[in-house]
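Undergrad: Read left to right, the sequence shown gives residues 1 to 122 (the numbering used here).
Hint data in this document are derived by calculation from the structure and do not stem from the laboratory.
We put the beta carbon where it would ideally sit given N, CA and C, even for glycine.
Among the hints, a few may not be true.
[Claimed, not checked] DEER-style ranges, computed between Cβ atoms:
| hint | residue 1 | residue 2 | range |
| --- | --- | --- | --- |
| 1 | Pro63 | Arg105 | 25 to 33 Å |
| 2 | Glu97 | Gly43 | 24 to 32 Å |
| 3 | Ser46 | Arg102 | 14 to 22 Å |
| 4 | Ser46 | Thr24 | 15 to 23 Å |
| 5 | Glu97 | Ser46 | 19 to 27 Å |
| 6 | Ser46 | Arg88 | 30 to 38 Å |
| 7 | Phe64 | Gln25 | 24 to 32 Å |
| 8 | Arg98 | Arg74 | 26 to 34 Å |
| 9 | Pro82 | Leu48 | 17 to 25 Å |
| 10 | Arg95 | Ser46 | 31 to 39 Å |
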Amino acid sequence: MQNRHFESIRKRLFISGTRAKPRTQSSLQISSVAGFHHHRAIGVWSFLREGEELKLVREPQNPFDPAAVAIYFRNDKLGYVPRGENDRLAGMLDRGERLSARIRRLRKSEMSRRRIQFEVLS
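Let's have the full structure, built from the sequences with the hints guiding it.
TA: Rendered as structure tokens:
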């Protein structure tokens, strides 16, 4: 009897649409990885897949760019968010905001600076 009661409540909640909706991520930026040839991107190219998760790591002590944000695939640095496109992301990471990134497109025949396109999500 009690199980039927709970099942009835569960069905009403499901039908009425009062279930919690999953949090959707919004796209903040789409860019291409900078510095592809200077890091491990070539060595891990065969392991990269579209949709694969990337990690953004802030490098405030970078001597070339104080707003530097490195891009990692697993433990390998692929390169950086391009200079001039990294200020907003650097600020968000500095404030402790959680960002995620993923490979959006891989282009085997393109020039190196456009081979890996990534998307940043909040």
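Undergrad: Against this structure, judge whether each hint is valid.
TA: Hint check:
{"no.": "1", "hint": "Pro63 with Arg105: 25 to 33 Å", "verdict": "holds, 31 Å"}
{"no.": "2", "hint": "Glu97 with Gly43: 24 to 32 Å", "verdict": "holds, 30 Å"}
{"no.": "3", "hint": "Ser46 with Arg102: 14 to 22 Å", "verdict": "holds, 18 Å"}
{"no.": "4", "hint": "Ser46 with Thr24: 15 to 23 Å", "verdict": "violated, 32 Å"}
{"no.": "5", "hint": "Glu97 with Ser46: 19 to 27 Å", "verdict": "violated, 33 Å"}
{"no.": "6", "hint": "Ser46 with Arg88: 30 to 38 Å", "verdict": "holds, 32 Å"}
{"no.": "7", "hint": "Phe64 with Gln25: 24 to 32 Å", "verdict": "holds, 30 Å"}
{"no.": "8", "hint": "Arg98 with Arg74: 26 to 34 Å", "verdict": "violated, 19 Å"}
{"no.": "9", "hint": "Pro82 with Leu48: 17 to 25 Å", "verdict": "holds, 18 Å"}
{"no.": "10", "hint": "Arg95 with Ser46: 31 to 39 Å", "verdict": "holds, 36 Å"}
The structure is inconsistent with the numbered hints 4, 5 and 8, although it conforms to all the rest.
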